[in-house]
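**Student:** Spelled out from the first residue to the last, the chains are:
Number of protein chains: 2
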Amino acid sequence: MPRTAATESFKFNHTMIRIKDPKLSLPFYMDTLGMDLVSEQNMGDFTLYFLAYSHDGIASLPAEQKAKARFNREGILELTHNHGTESDPNFQGYASGNAEPGRGFGHIAITVSNIEEACARFESLGVPFKKRLTDGKMRHIAFILDPDGYWVEVVPQALSL
Amino acid sequence: MPRTAATESFKFNHTMIRIKDPKLSLPFYMDTLGMDLVSEQNMGDFTLYFLAYSHDGIASLPAEQKAKARFNREGILELTHNHGTESDPNFQGYASGNAEPGRGFGHIAITVSNIEEACARFESLGVPFKKRLTDGKMRHIAFILDPDGYWVEVVPQALSL
Chain A
1 MPRTAATESF KFNHTMIRIK DPKLSLPFYM DTLGMDLVSE QNMGDFTLYF LAYSHDGIAS
61 LPAEQKAKAR FNREGILELT HNHGTESDPN FQGYASGNAE PGRGFGHIAI TVSNIEEACA
121 RFESLGVPFK KRLTDGKMRH IAFILDPDGY WVEVVPQALS L
Chain B
1 MPRTAATESF KFNHTMIRIK DPKLSLPFYM DTLGMDLVSE QNMGDFTLYF LAYSHDGIAS
61 LPAEQKAKAR FNREGILELT HNHGTESDPN FQGYASGNAE PGRGFGHIAI TVSNIEEACA
121 RFESLGVPFK KRLTDGKMRH IAFILDPDGY WVEVVPQALS L
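If you read the sequences in order, they're chains A and B.
According to my numbering, the residues represented by the first sequence are 1 to 161, in order.
According to my numbering, the residues represented by the second sequence are 1 to 161, in order.
There could be a bad hint or two in this list.
Unchecked claim - Cβ-Cβ distance ranges computed for the label pairs, FRET-style:
1) B/Ser87 <-> A/Ser124: 20 to 26 Å
2) B/Asp135 <-> A/Gly93: 29 to 35 Å
3) B/Gly136 <-> A/Thr47: 42 to 48 Å
4) A/Glu86 <-> B/Ala5: 28 to 34 Å
Claimed, not checked - Beyond 10 Å from chain B on every Cβ pair, some chain A residues (computed):
5) Leu33
6) Pro62
7) Pro89
8) Ile108
9) Glu116
10) Ala118
11) Glu123
12) Val127
13) Lys130
14) Lys131
15) Gly136
Hints in this document: simulated from the structure, not taken from any laboratory.
Where is the CB? At the ideal position from N, CA and C, for every residue including glycine.
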């Protein structure tokens with residue numbers, strides 16, 4: 001149980017990052033990383049995409065139940081697309097959070113049962129790497145880059161630190 | 001099940017943000033938001049704090065099992081403290097991701113069973129708000145600020161959109 005009664009119900013529901021172009025980001029998060037699109041909300045000037053691994057079957061629920069389930073679990077990724085950035089020649093892109101100016105946010109992390117297989121598949125799909133398993137001192141983890149340049153850490157589930 | 005066999009095991013394990021001072025951030029995430037400290041790793045120049053809601057009992061596990069469980073679930077928050085920032089008068093602070101320069105990352109979100117009670121408690125604890133329930137058009141959600149100025153959205157679990 002969470003450590004205080006007042007926060008007993010609390011869940012770490014989602015993390016939001018902005019994306020330049022859903023035509024690039026949705027295939028990355030859905031096809032390359034295997035998440036399901038749980039909800040898509042057009043808010044006028046922007047669209048919100050809520051993605052999640054459907055280990056609890058959320059992706060197969062009828063729409064109404066899916067909407068209810070979306071705020072009652074953890075591990076949701078929210079992508080915000082401000083309309084027009086994808087075709088604006090003056091759009092500078094989003095900060096990854098890992099360099100100045102704009103250092104703060106670091107990364108999201110995906111854990112996988114077989115990291116060698118996962119990384120070999122990313123290579124075969126042409127995914128850019130920030131750090132391959134063979135780079136640097138930490139040979140058990142990798143970092144790939146999403147279409148906006150956000151870092152995605154890849155970690156074996158069997159890691160025990 | 002996740003939508004492709006190659007990604008069947010994948011989990012959205014954690015989100016990492018940098019913090020200036022663990023003496024401020026740990027009480028915020030643990031006491032105010034009710035997360036448990038699952039793991040603390042001193043890496044020399046920096047320390048990593050892994051926090052989570054212990055709905056699965058992870059916080060009560062023996063250390064070795066806790067370490068194993070940490071990469072096999074979702075909803076973990078990783079805080080990175082680069083040693084010295086807390087007392088460096090020249091440290092400029094971290095970017096929230098919501099303003100230039102450094103726009104990209106948006107927020108993390110906590111869902112709660114009773115948002116009025118949760119927000120009243122945050123008020124009583126002196127937590128700064130970015131957006132109260134009564135501000136703006138979206139009267140069902142709030143945003144509070146963590147000690148580094150990162151936005152934390154507070155959303156009712158019963159929300160159905």
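**Student:** For each hint, tell me whether it holds in the structure or not.
**Tutor:** We went through each hint and held it up to the structure:
For B/Ser87 and A/Ser124, the hinted distance range of 20 to 26 Å is not satisfied, since their beta carbons lie about 47 Å from each other. Between B/Asp135 and A/Gly93 the beta carbon distance is about 30 Å. The supplied range of 29 to 35 Å therefore holds. A hinted range of 42 to 48 Å for the beta carbons of B/Gly136 and A/Thr47 is inconsistent with their spacing of about 19 Å. Between A/Glu86 and B/Ala5, the C-beta spacing of about 30 Å keeps the proposed range 28 to 34 Å intact.
In this structure A/Leu33 is not separated from chain B by more than 10 Å, as the shortest Cβ-Cβ distance comes to only about 6 Å. Under the 10 Å C-beta cut-off, the non-interface status given to A/Pro62 relative to chain B holds; the minimum distance is some 12 Å. Even its closest Cβ contact with chain B, about 18 Å, leaves A/Pro89 beyond 10 Å, as expected for a residue assigned away from the interface. Distance check for A/Ile108 against chain B: the nearest CB is about 5 Å away, which does not clear 10 Å, and the non-interface claim fails.
Listed as outside the interface, A/Glu116 is consistent with that label: its C-beta sits roughly 13 Å from the nearest C-beta of chain B, beyond the 10 Å cut-off. Residue placement check: A/Ala118 does not keep its beta carbon more than 10 Å from all beta carbons of chain B (closest about 8 Å). With a minimum CB-CB distance of about 13 Å to chain B, A/Glu123 clears the 10 Å threshold, and the non-interface call stands. At the 10 Å boundary, the C-beta of A/Val127 stays outside the reach of chain B, the nearest C-beta of that chain being 13 Å off.
Against chain B, the non-interface label of A/Lys130 holds: every CB pair exceeds 10 Å, the least being about 13 Å. Consistency note on A/Lys131: stated as away from chain B, and its beta-carbon is indeed over 10 Å from all of that chain's, at 14 Å minimum. Against the 10 Å criterion, A/Gly136 stays outside the reach of chain B, whose nearest CB is about 13 Å from its own CB.
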